[in-house]
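Chemist: Using the hints, position chains B and C against chain A.
So the sequence lines, in the order shown, correspond to chains A, B and C.
Letter 61 of the first sequence, counting from 1, is numbered 60 in numbering that gives the first Met the number 0, and no numbers are missing.
Letter 246 of the second sequence, counting from 1, is numbered 245 in numbering that gives the first Met the number 0, and no numbers are missing.
Letter 242 of the third sequence, counting from 1, is numbered 241 in numbering that gives the first Met the number 0, and no numbers are missing.
To be clear, the hints were calculated from the coordinates, so they are not data collected in a lab.
Be aware that a few hints might be false.
List time: in silico DSS-like cross-link candidates among lysine-lysine, alpha-carbon distance up to 30 Å [to be verified]:
id	chain 1	residue 1	chain 2	residue 2
1	B	K91	A	K282
2	B	K91	A	K196
3	B	K113	A	K282
4	B	K105	A	K196
5	B	K318	B	K346
6	A	K196	B	K113
7	B	K219	B	K182
8	B	K182	B	K113
9	B	K105	A	K282
10	B	K91	B	K113
11	A	K196	B	K185
Quick list of simulated restraints, FRET-style, between CB atoms [what the hints assert, rightly or not]:
id	chain 1	residue 1	chain 2	residue 2	range
12	C	G135	A	E185	38 to 44 Å
13	A	W278	C	A173	37 to 43 Å
14	A	V88	C	G231	33 to 39 Å
15	C	V176	A	I202	44 to 50 Å
16	B	G65	C	Y30	42 to 48 Å
17	A	L130	C	L182	50 to 56 Å
18	A	V88	B	R75	25 to 31 Å
19	A	M139	B	F14	51 to 57 Å
20	A	A276	C	V176	46 to 52 Å
21	C	F251	B	F14	39 to 45 Å
Idealized CB from N, CA, C, for every residue including glycine.
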Amino acid sequence: MSGLRSGKRLHPELRFLGLAGPGAAFIVISLLLPLLSIVVFSFWRTESYELYADWNLDNYRTLLGEAAYRTFFLRSLVTAAIVTAICLVCGWPVAYFIARWGGRYRLLLVLLLAAPFFTGAILRITALQGLLGPIGLVNMTLVELGLPPIEALMYTQLASGLGLVYLFISFMVTAIYLSLVNFNFELLEVAKINGAKPWRAFIEITWPLNWIGTAIGIVLVFIPCLANVVTPRFLGGPDATSFGMSLSQQFGETGTWALGSAMGVFLFLASFAVILAIWPTIKLKRSGFTGAVQQ
Amino acid sequence: MPNAALELDSVTRRFGPVIAVDRISLAIEQDEFFALLGPSGSGKTTMLRLIAGLEQPDEGQVRIAGEVVTDLPPYRRGVGMVFQNFLLFPHKTVAENIVFPLRMQKMDRAQQQKQLGWILELLHLQGLEARYPNELSGGQQQRVALARGLISRPALLLLDEPLANLDRELRSEMEVEIRRYQKELKIPFVYVTHNQEEALTMSDRIAVMRNGRFEQIGAKTEIYTNPASAFVAAFVGHANRLDGQLSEIDGGLARMNWAGGQLLVPRPADAKSGDRVRYFIKHEDLEVTAAGLNGGGLNGHVANDINQVSGTLRDIIFKGQTANYIITLPQGTDLVVSDTPRTITLKPSDPVIVRWPAGSGACFAAEGA
Amino acid sequence: MSAGSFGFGRRVAPTAIILAAGLVLLYVFLYAPILYVVYTSFATDVVWPFPLDFTLTAYEDLFASSLYGEALSNSLKLAFGSAVISTFLAAGGAIAVLRYRSRRRGLVMFLFIAPLFVADLLIGISILAFNARVLGLPGNLVSAMAANAVQGTAFGFLIILAQLVRYNWSMDDAAMVFGAGPLRCFAEITLPTIWPSLFGAFLIAFILAFNNLEITFYNLGAIPTLPSVAWGSLRFGLGPELFALAALVNAFVFAIFAAMYGLMKTGLVKFGYRGQ
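The following block holds chain A by itself, in its conformation from the complex (with noise of 0.2 Å):
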């Protein structure tokens, strides 16, 4: 923060150069190169876990050429966007309640929300599965009243699904959280008085206000869930190998990183196209963004 040494003045560009430079350079470092790297190795070449930089599109080739990656992906493209939708549907109320209602308890409210992180995701879908799972709690019991198992939620896409939810819905949750701590609840009152029905001032004003922050929530369900490893792995059964399995095997496992790579590349174009999709609804004049900098 070198910009806000005091001693002789700074010109208000460095001042946002040395306050907003350090962390931009580390995401060029951090994110951008790496990601470029694995888009020059895809062209390259594995052989006995070495890479060569002999450029080629077989990676490529393969990728789309075999049906099984194909499988995967449509899979995981298809659980991502349900699981989704889910989060959007069961996340707004719930956003929606502790920002309207929460008062003095909000903060609270929300990192109850985030508290079941700290357990890690691998516990959490092992005691999921103790819960739900073919040997689980609710299956168990069921048997033990004479009434048959919910074969559903035994080794199958929804219980992969209801996993991928549990994981990421409070993402969803706390990015409109914080898109409608900003949202000025006054404006509703405006509607109701010229006429609007409750719902009707939630389509016209609410949900538009804070679509932004919406966006953001969907973005950040989906492209994990897209990416996901562990839950298909743990809750989906033999039937339910995701794109982002096969992927952490070739990095692994199988030591092909440069498939591995045109995989990751694959998986960025597929989370680059959802926010292509999302990008011309994002209107910042429509959202009612009026630029916070006041000079």
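Modeler: Coordinates of chains B and C only, in the frame set by chain A:
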């Protein structure tokens, strides 16, 4: 006989132990400009919210155009409202903001555009239709808020301190305009303000509110010239306050002992000789002259039905059309006299005499005495 | 059509009740597995712990084993370091974007938010590939900290930005007019107002790094952390010690929450809440 535009029947609203609105009854006529005047915390905004349906009364009834609306939500009441901080929808353009009430009424598009054209012209907003609220000046935002409130020609327009965020010049301009719209459109306005000048300039009738009750309700001239309580006398207009003791009651008048002399004041209700009283006399009811000319020098003297005191001119606050003369009396209190600046030529530290007609002003038993 | 009315003058909107029910349901969904973890930590059989055969063996084994202590300490170091880096960078970025009308604002915002659009897994493998094959660096605690701070910075930036949008920077100008230097001004005016959002950013970055599997896994080499120990022990079934450790971590977290609740209830510390 047509129904009153708005009737409140013994309406009460409590917030925990606080009674924000206390058994208020009120009727407002079809083409009336009605002002609710009071300091902050007097319950005037709560009353407006009760009328709008944003709050519900604990007791009592609200009727708009004869129809009981007490349990109706705001969106079924058909009233318009203008807010202090305008509360324009930031994501909608000027035109979209203004036609919002018509869209909610499912009015057809052609009719909406016709109404929009009419109101844009009325409020001089042509050319701003496509702008967003944050691209407008304060005065323009104010007009858009007013246009949104008026476009559907509501049964009643509620205005909650709409001019409080505007600068002085713009405010006096808008005061005149708002009154003009009310008279032209013949829509009853209920106007909440803590600014007595706004209330006096714009309204036909004023209710002065304090602690959830009406201190006085009546025509604005009545409120101004004939305050019903010490609170109203102090709150409306600019008055000097003199505290004294009654010595003698004589019909409608009374003599008040004050600063070693006596003043002839109107007789307070239920007052008897010896009571401590508070006397209010408006700045513009006083007259100041140089001391030498009339040979006076007596303090607190009643002669020929004129109250008269002498003092020293401390300062002159020039206000343009008028000037305030601040006079220090021998015992240390200040009197303010408002007069035309050209009439007299006085300068600070001149000895002066202040006169006013005996029995003018207002006098009340001192509160809590 | 009157809103649900309870006694005199006290009304609770029916919508609020329905939404509160939704909130409670979500908490039940989120915390049922956590309670299961705590419960199971006292059981002899972690696979089918019903009925409870109460034992503290898991806790004894936990304290006897050096692996879990080491993993916990590594996770804490990693999370702390990563959270400090993230909070500093994010705060600088957010303040710069809100305060200065630079031409580079758009670019800076894009850079700071970009990590949100890249999955953990991708961040993990790309940094691994970059460090190992381009820079030739081995994985260690520092590189894992930096790798985790990428996402932490983005989340922190978002949180601080959302909270500071309404901060009035002319307060700082006022302080400077009265003679406070920039650092003094930051310490006395800005910081006391914005600390809850910095705290929020720190906390989120800490939680993310503490539990991250994918980024850490690829960048730490053989150094154990809690998630990587959990991952490693999965193929043999999770050890009861992990349940015990998770139960202890939760106990610690909830003790902090209870303290926060106490402070909020008495109004001693408001954590940035200034009424509605």
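Chemist: Now tell me, hint by hint, if it's right for this structure.
Modeler: Right, here's what the structure says about each hint:
| no. | hint | result |
| --- | --- | --- |
| 1 | K91/B / K282/A | 12 Å, holds |
| 2 | K91/B / K196/A | 18 Å, holds |
| 3 | K113/B / K282/A | 29 Å, holds |
| 4 | K105/B / K196/A | 12 Å, holds |
| 5 | K318/B / K346/B | 16 Å, holds |
| 6 | K196/A / K113/B | 25 Å, holds |
| 7 | K219/B / K182/B | 16 Å, holds |
| 8 | K182/B / K113/B | 22 Å, holds |
| 9 | K105/B / K282/A | 27 Å, holds |
| 10 | K91/B / K113/B | 19 Å, holds |
| 11 | K196/A / K185/B | 28 Å, holds |
| 12 | G135/C / E185/A: 38 to 44 Å | 59 Å, violated |
| 13 | W278/A / A173/C: 37 to 43 Å | 39 Å, holds |
| 14 | V88/A / G231/C: 33 to 39 Å | 37 Å, holds |
| 15 | V176/C / I202/A: 44 to 50 Å | 46 Å, holds |
| 16 | G65/B / Y30/C: 42 to 48 Å | 55 Å, violated |
| 17 | L130/A / L182/C: 50 to 56 Å | 52 Å, holds |
| 18 | V88/A / R75/B: 25 to 31 Å | 29 Å, holds |
| 19 | M139/A / F14/B: 51 to 57 Å | 53 Å, holds |
| 20 | A276/A / V176/C: 46 to 52 Å | 48 Å, holds |
| 21 | F251/C / F14/B: 39 to 45 Å | 41 Å, holds |
Consistency with the previously given hints fails for numbers 12, 16, ordered from lowest to highest.
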